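K.L.:
Residue numbers (the working numbering), protein chains in the order written: chain A, 1 to 258; chain B, 1 to 295.
FYI, nobody ran anything at the bench for these hints, they're computed from the structure. One should not assume that every hint holds.
In silico lysine-lysine, DSBU-like type, Cα no more than 35 Å apart, as pairs [unchecked claim]:
(1) B:K101 / B:K32
(2) A:K45 / A:K212
(3) A:K195 / B:K32
(4) A:K195 / B:K101
(5) A:K147 / B:K288
(6) A:K45 / A:K147
(7) B:K288 / B:K32
(8) A:K45 / B:K32
(9) B:K32 / A:K212
(10) A:K147 / B:K32
(11) A:K147 / B:K101
(12) B:K288 / A:K45
(13) A:K212 / A:K195
Simulated coverage check for chain A against chain B, where a stretch passes if three residues somewhere in it have a Cβ under 8 Å from a Cβ of chain B [said to hold, decoys possible]:
(14) 100-107
(15) 133-143
(16) 225-237
Here are a few chain B residues that face chain A, going by a calculated C-beta distance under 8 Å [claimed, not checked]:
(17) Q8
(18) E176
(19) R286
Owing to the predicted nature of the structure, the values given are computational and were not obtained by experimental measurement. Here a beta-carbon is modelled for each residue, glycine too, at the ideal position from N, C-alpha and C.
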Amino acid sequence: MTTDAAVTVRSLTKSFRIYHEKNSTLKQTLMRRRRGSYEAFLAVKDVSFEVGHGAALGIIGRNGSGKSSLLKCISGIYRPDAGSVTVNGRLAALLELGAGFFNEYSGRENIYLNGALLGLPRRYIDEVFDQIVEFAGLERFIDNAVKTYSSGMFARLGFAIAVYIDPDVLLIDEILAVGDESFQRRCFERIRRMKEEGRTMIVVSHSLEQIKDLCTDCLWMEQGEIRAHGPADEVVEQYLAEVEHSDAARAVPVQAAS
Amino acid sequence: MRVSRPAQPSAWERNWELLRELIRRDLQSRHKGSTLGAGWSLLNPLLYMLVYTAVFSKFVRVHTVAPYPVYLLSALLAWNFFAQALTYSANSVLGNATLVKKVAFQWELLTVSSVTAAFINYLISLLLLVPLMLYYHVPVGVSLLVVPLIALITYALALGIGLLLAAGNVYFRDIEYLLGIAITVWFFMTPIIYSLDIVDPLRNPACQATGGVSAAAAQASAGCKSVVHGFHLLKYVLYVNPMTWIATAFQDAIANSTWPTHRLGLGYAAALAVVAIVAGYLLFRRVKGGFAEEL
Numbered sequence: 001m002t003t004d005a006a007v008t009v010r011s012l013t014k015s016f017r018i019y020h021e022k023n024s025t026l027k028q029t030l031m032r033r034r035r036g037s038y039e040a041f042l043a044v045k046d047v048s049f050e051v052g053h054g055a056a057l058g059i060i061g062r063n064g065s066g067k068s069s070l071l072k073c074i075s076g077i078y079r080p081d082a083g084s085v086t087v088n089g090r091l092a093a094l095l096e097l098g099a100g101f102f103n104e105y106s107g108r109e110n111i112y113l114n115g116a117l118l119g120l121p122r123r124y125i126d127e128v129f130d131q132i133v134e135f136a137g138l139e140r141f142i143d144n145a146v147k148t149y150s151s152g153m154f155a156r157l158g159f160a161i162a163v164y165i166d167p168d169v170l171l172i173d174e175i176l177a178v179g180d181e182s183f184q185r186r187c188f189e190r191i192r193r194m195k196e197e198g199r200t201m202i203v204v205s206h207s208l209e210q211i212k213d214l215c216t217d218c219l220w221m222e223q224g225e226i227r228a229h230g231p232a233d234e235v236v237e238q239y240l241a242e243v244e245h246s247d248a249a250r251a252v253p254v255q256a257a258s
Numbered sequence: 001m002r003v004s005r006p007a008q009p010s011a012w013e014r015n016w017e018l019l020r021e022l023i024r025r026d027l028q029s030r031h032k033g034s035t036l037g038a039g040w041s042l043l044n045p046l047l048y049m050l051v052y053t054a055v056f057s058k059f060v061r062v063h064t065v066a067p068y069p070v071y072l073l074s075a076l077l078a079w080n081f082f083a084q085a086l087t088y089s090a091n092s093v094l095g096n097a098t099l100v101k102k103v104a105f106q107w108e109l110l111t112v113s114s115v116t117a118a119f120i121n122y123l124i125s126l127l128l129l130v131p132l133m134l135y136y137h138v139p140v141g142v143s144l145l146v147v148p149l150i151a152l153i154t155y156a157l158a159l160g161i162g163l164l165l166a167a168g169n170v171y172f173r174d175i176e177y178l179l180g181i182a183i184t185v186w187f188f189m190t191p192i193i194y195s196l197d198i199v200d201p202l203r204n205p206a207c208q209a210t211g212g213v214s215a216a217a218a219q220a221s222a223g224c225k226s227v228v229h230g231f232h233l234l235k236y237v238l239y240v241n242p243m244t245w246i247a248t249a250f251q252d253a254i255a256n257s258t259w260p261t262h263r264l265g266l267g268y269a270a271a272l273a274v275v276a277i278v279a280g281y282l283l284f285r286r287v288k289g290g291f292a293e294e295l
């Protein structure tokens, strides 16, 4: 079956082994032959969906519902147990800002290193270098080692690189909440513009407002499975209703106890 | 409504650019904080050369055709590269855990970069041979042309074993510690500070006096046999060790100004290097899907 979707996920399943006692030295492994006893934990269960070119998919769900594992499978960091992921175009995954930063390097050198890690050669970065620095607001500090940066500066630089490397498909995991209010707004504007320019994106966020604002569709994950998939507004409403309902249910015994 | 963008870089270009950045980073981090920086690439082998020369050409007499310092350094520099490449590559994935957990790219490049950074250090350290060869009047012959080929074989062998170590170390962290001991043993099982001739009855200096037919010569011959016999096991270890043939090839080409005499051995080392690269690449590819969880 051919499809012209930007991202196609078919029957994706990913499990982890939860070791009761982890053997990570050769001796332990040899002594026990098998690598300790473990339980399989299914983080993603038989998930299928498509994201069309230029669409933006939001992924919501409680902590531990499999959102980040799903993103890591799509980006290729995790190898799924079963199922397949097909990506058309250049993909960049932003799972953590400044993940590839080298502390001894200056901001300038890190822009090139991080760009290369995200798949953009030097000559492309040369073209957007000034915009990255300006966006991050680091003109005065760009030649200082990043180990001297504040955590805010660090995150701003990471984000600025990420949005200017301009991939076809952008995966974002919970990183829209960095920097001060004005920087956050600029990040959001930039992402919105990328969307208007036809980039495809998959966004994991706990900010339901952002999801409604940015995404056309939304996927609600629960215990590794898709609970709902549809227009962003509807899915977010359903999710909110459920969360309020269960919070109310949970609140009762607490009140009773006090 | 797609906005026009420059043509997308090919996968090859992206990997190549990334490799360059990683090598730069590895080279910089190697000497970070030290005053001499890259100068250590020269100073370290120079100090070792002085120590080994004092011990093995003055106290314990090792017989070599070429001047001992040149003989020693011709293979010692390559060995230093090899040992450094293995040590760094064993840690190339584990030491970059945060990167591997958060950024998807060809993680093999981390190992390739470790080995290549060590190789660049090696190329710099080769400069030490220039003043030394001039000082000892070692003839500069056409045999030097074969040095790049031997260096390439060494690089390939280090990369192949490095990939195996990098992937294995993620799952069995003992590898890093075992490696330190293994490298020391391996060093002494390679004819670097001594000559391969000691296991060869015709060339062992203890047998040099057996030319005559006198009773004394016959006695010397018997003594020689027992000496060489004691080397029997060692001989097989040395012959199996691919670094033996790499070391002797370097000694021939640089210090003795001759074409490598043990060509079969060098070919065997090259074949092992190819096997190691294929095995290393296959193992790495097979297990890398589990790296992000395991780290």
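K.L.:
Determine for every hint whether it applies to the structure shown.
P.N.:
Hints, one by one, checked against the model:
The straight-line distance between the Cα atoms of K101 (chain B) and K32 (chain B) is roughly 25 Å, inside the 35 Å bound, and the hint therefore holds. At most 35 Å may separate the alpha-carbon atoms for a hinted pair to count; K45 (chain A) and K212 (chain A) meet this at roughly 25 Å. For a cut-off of 35 Å, the pair hint linking K195 (chain A) to K32 (chain B) is broken: about 41 Å separates their Cα positions. Our distance criterion of 35 Å between C-alpha atoms is met by K195 (chain A) and K101 (chain B), whose separation comes to about 27 Å.
For the given pair, K147 (chain A) sits about 30 Å from K288 (chain B) by alpha-carbon distance, which is consistent with the 35 Å threshold. The hinted pair formed by K45 (chain A) and K147 (chain A) fails the criterion: a straight-line CA distance of about 40 Å is larger than 35 Å. Taking the CA atoms of K288 (chain B) and K32 (chain B), the gap is about 29 Å. The hint holds against a cut of 35 Å. Distance hint between K45 (chain A) and K32 (chain B) is unfulfilled; the C-alpha atoms sit about 46 Å from each other, more than 35 Å.
For a cut-off of 35 Å, the pair hint linking K32 (chain B) to K212 (chain A) is broken: about 47 Å separates their Cα positions. For the hint pairing K147 (chain A) with K32 (chain B), the CA-to-CA distance comes to about 13 Å; that is within 35 Å, so the pair holds. This hinted pair checks out: K147 (chain A) and K101 (chain B) have alpha carbons roughly 21 Å apart, not beyond 35 Å. Restraint check for K288 (chain B) and K45 (chain A): the C-alpha separation of about 22 Å stays at or below 35 Å, so the hint holds.
A C-alpha spacing of about 14 Å is found between K212 (chain A) and K195 (chain A), which places the hinted pair at or below 35 Å, so the restraint holds. As drawn, the region 100-107 of chain A meets chain B at 4 residues by the rule of a beta-carbon pair under 8 Å; at three or more, the given contact holds. Residues of the region 133-143 of chain A lying with their CB closer than 8 Å to a CB of chain B number 0, which falls below the three-residue condition for coverage. Remark: the region 225-237 of chain A is not confirmed as covered by chain B, as 0 of its residues place a Cβ nearer than 8 Å to a Cβ of that chain, below the required three.
Contact between Q8 (chain B) and chain A, as hinted, is supported at the beta carbon level, the nearest pair being about 6 Å apart and thus within 8 Å. Taking 8 Å as the C-beta cut-off, the interface hint given for E176 (chain B) is violated, the closest approach to chain A being about 11 Å. Against a cut-off of 8 Å between C-beta atoms, the interface hint on R286 (chain B) is violated, since the closest Cβ of chain A lies about 10 Å away.
Hint compliance for this structure: hints 3, 6, 8, 9, 15, 16, 18, 19 are not met, and every other hint is.
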